[in-house]
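Trainee: Here are the chains, one letter per residue:
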Amino acid sequence: MATKTRTNKAAEPTKGPRSPLLEWIMAGLGLALVLAVLGVLGRAMMDGRDEVDVTLRVTETRLVGGRWTAVVEARNTGGAAAARLEIEGRVGEETAAFTLDYLPPRGRDTGVLVFSRPPGGGTALTVRPIGWTEP
Amino acid sequence: MAPALSNRDYAHGLLRAFGGAVLFGFPLLMTMEMWRLGFTMAPERLALFVLLAVPLLFGLSYYAGFRKTYGPMNDALDALAALAVGFAAAAVLLFLFGVIQPGASVEETVGKLSIQAVPAAIGALLARKQLAAEGDASSDGPEDEENRREGYVSELFLMAAGALFLSFNVAPTEEVVLIAYQMSPLLAALLAIASIALLHAIVYSLGFAGQHRHEGHADAFLHFTVPGYALVLLMCLYVEWTFGHADGQSLGGLAMTTVVLAFPGALGAGAARLLV
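Residue numbers (our numbering), protein chains in the order written: chain A, 259 to 393; chain B, 765 to 1040.
Hints listed in this document are in silico derivations from the structure and should not be mistaken for laboratory results.
Hints may be right or wrong, so weigh each one.
Below, a sample of chain A positions facing chain B; criterion: calculated Cβ distance under 10 Å [to be verified]:
no., residue
1, 283
2, 286
3, 291
4, 303
5, 339
6, 355
7, 357
8, 359
9, 387
10, 388
This one's a predicted model, so the numbers in the text were calculated from it and none came from an experiment.
Don't be surprised by glycine CBs; every beta carbon is placed ideally from N, CA and C.
Isolated chain B, as found in the complex (with noise of 0.2 Å):
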């Protein structure tokens, strides 16, 4: 029989996942567009973030998690839990930072949380594996974190999951605008390239699904580089609408910081398996 999870042991989790969602919400936390999103972003933008987070975090929760899970209802609910965390992480730190001001309008204060709310509850999703001992009680077997993570589809859910990641963290900078306007389109075209390649070294070295199989450097390339960076470019351009970035410009110009973006996110997608 499984024994029962007393209250004490999920109270643990949420501590962890507490942590977690500090620990990579963070450098958002401290970004001031982050800041001014969370007001002059379209409503109905930010409506959509927040409900694409919770199918997102339940597909993190089952693969990665702040504890173990059994079964779906208990990763939804984790999911569920992971938001909470995520407002919770977002609400302290913005108080302490002062950013949340206890005169604002409930619109500007619900917007400034719930856009931080988002990848803090990613953070708190990612505890579990980034800051959970070796042999911890909570920690999944290895054969079984690897059944979970065989199969294509995992492998490519991971990767838009690690570019959504990473990408996040610059994408609401200025600096993104500003390299792609420095950037000449030849420079544009080899910075794709270097992403692409940088995924691919990634991907191999990290020994994806592909590489269990011995399979040769052309056909990982094919499976998992390839469909990996679309879709990193996919999750870039979906983030850039989401902020506003692809407000106004020409589609020379929403290239341009695609690839820009692109650059971190095709990282994520590379290095998922080790933030995942």
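So that you can see chain A by itself, here it is in the shape it has in the complex (with noise of 0.2 Å):
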């Protein structure tokens, strides 16, 4: 059995059984992981991540249900993540708002305005962001 080739390791240091190749290439694998994600997060600390910046974009208006939707996308092209976002939509005098938990660095997320009437037209669909938390 090779159970009992070695019960002093001191004494007979390396008398295993000869790697297999498949070893070697998951060990491979491993190291190369563990240098992409150092090579990944050492991008992000060059950039610098002191700032969230958030980009907003009306994506789509449409009737639904008798009440008019806007897809309203952020984008946060800074190295920081904001958590609770706050944006708010206005038609008019109406204003609509949804809070987006968290948006991370360089990341996207999308959330939807709701209206009694049609944004667009006569009376244009400003957005905005009103305020977040450091996460």
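Hints given; two lone chains; assemble the complex.
Mentor: This is how it looks when you write it as structure tokens:
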């Protein structure tokens, strides 16, 4: 039995079976993954992550069940994450808002604003971020 | 002569490692705080976390591992392979849970995966101990395993690894901080005493090295329980710093959350022999 080949490690250091090819492949894969992760994180460190930079864009408006909805895409081009990001939209006097739980650095997410009158057309739809917290 | 180990045997070990990674990794893979930590954490802390995982996994491969290993080269290869398995397990499950979305940035995906890959890799290395059947040829003989585990430094390493493993499962959650807010300093002190008592009870009843020599309670307490709890506190501090729980806390607040986190940590340190 192979289980009895060695009881004292110091005396017989490397008397094990030769490593199969798959073992080297898996270890190589692990090493490559660690280096890749460090590379990506290293690049993030160089970029600095001190600010959140939110850009908003209305991607779609349509009538759903008698209400007008506007899909808003939020994009964070900054290096820091935003939490509880509040976004407000306005059509004339009417305002609507939603909150995104998180917006990762260089990430994007969408939310929906709901209005009783059609956005665009006569009265333009304006969107703006109101505020966020640092997670 | 030692028999040649085939790719097939190794693949069998890998499969078991994957099972261990999923079994031990799923609570964290299903914890939402972990998903967001992938992109809210400072990249240098995440990089350090991944780097420190390599020596930890090396040690775990030596003491446990997903298969029988021979020599440090073997353990180094297995530590890296375990990380690969950890990444794979995290990628598959996070994809299935819809946590990893195709449109996300590389940085976000890498962050989410790598913070989960480390605990999953620890699970992969615990797989043999937990998932191998009795008398499986891939198990070390009991004497062999005991030989490796003898020695004070080994015991302390196992305790630290056990503490890290269990405390990690609750560390990212809001509850740790919330519990600390709800506690008075007196309750925190009582919890610390309870943790130490529990650690001692488990250490003593599971028969750490001290008990083989029929050490008295006082000796075991001084040799294993006290340094063990100190290690638990250090591990918890590191984990809190990594997860950002330590940021902006007063010294008193930090001490409270550390004591809270050290409760599962102490259980893990005590039960290290069962886990690892």
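Trainee: It remains to establish, for every hint, whether it holds in the given structure.
Mentor: Hints, one by one, checked against the model:
Checking residue 283(A) against chain B by beta carbon gives a least distance of about 9 Å; that is within 10 Å, so the hint holds. With 10 Å as the threshold, the beta carbon of residue 286(A) comes within range of chain B, its nearest partner Cβ sitting at about 8 Å, so the hint holds. Residue-level restraint check for residue 291(A) holds (minimum Cβ-Cβ distance to chain B is 5 Å; threshold 10 Å). Hint status for residue 303(A) relative to chain B: holds, with the closest Cβ pair at about 5 Å, below 10 Å.
A cut of 10 Å between beta carbons decides the hint on residue 339(A): the least distance to chain B is about 5 Å, and the hint holds. Interface hint status for residue 355(A): violated, as the beta-carbon distance to the closest one in chain B is roughly 22 Å, over 10 Å. At a threshold of 10 Å, the smallest CB-CB gap from residue 357(A) to chain B is about 15 Å, leaving the interface hint violated. For residue 359(A), the shortest C-beta to C-beta distance to chain B is roughly 8 Å, which falls under 10 Å, so the interface hint holds.
Because the smallest distance between the Cβ of residue 387(A) and any Cβ of chain B comes to about 18 Å, over 10 Å, the interface hint for this residue is violated. Annotation: residue 388(A) was flagged as interfacial toward chain B, and the flag is violated, the nearest CB pair being 20 Å apart, outside 10 Å.
The structure fails hints 6, 7, 9 and 10 (numbered hints given earlier, in ascending order).
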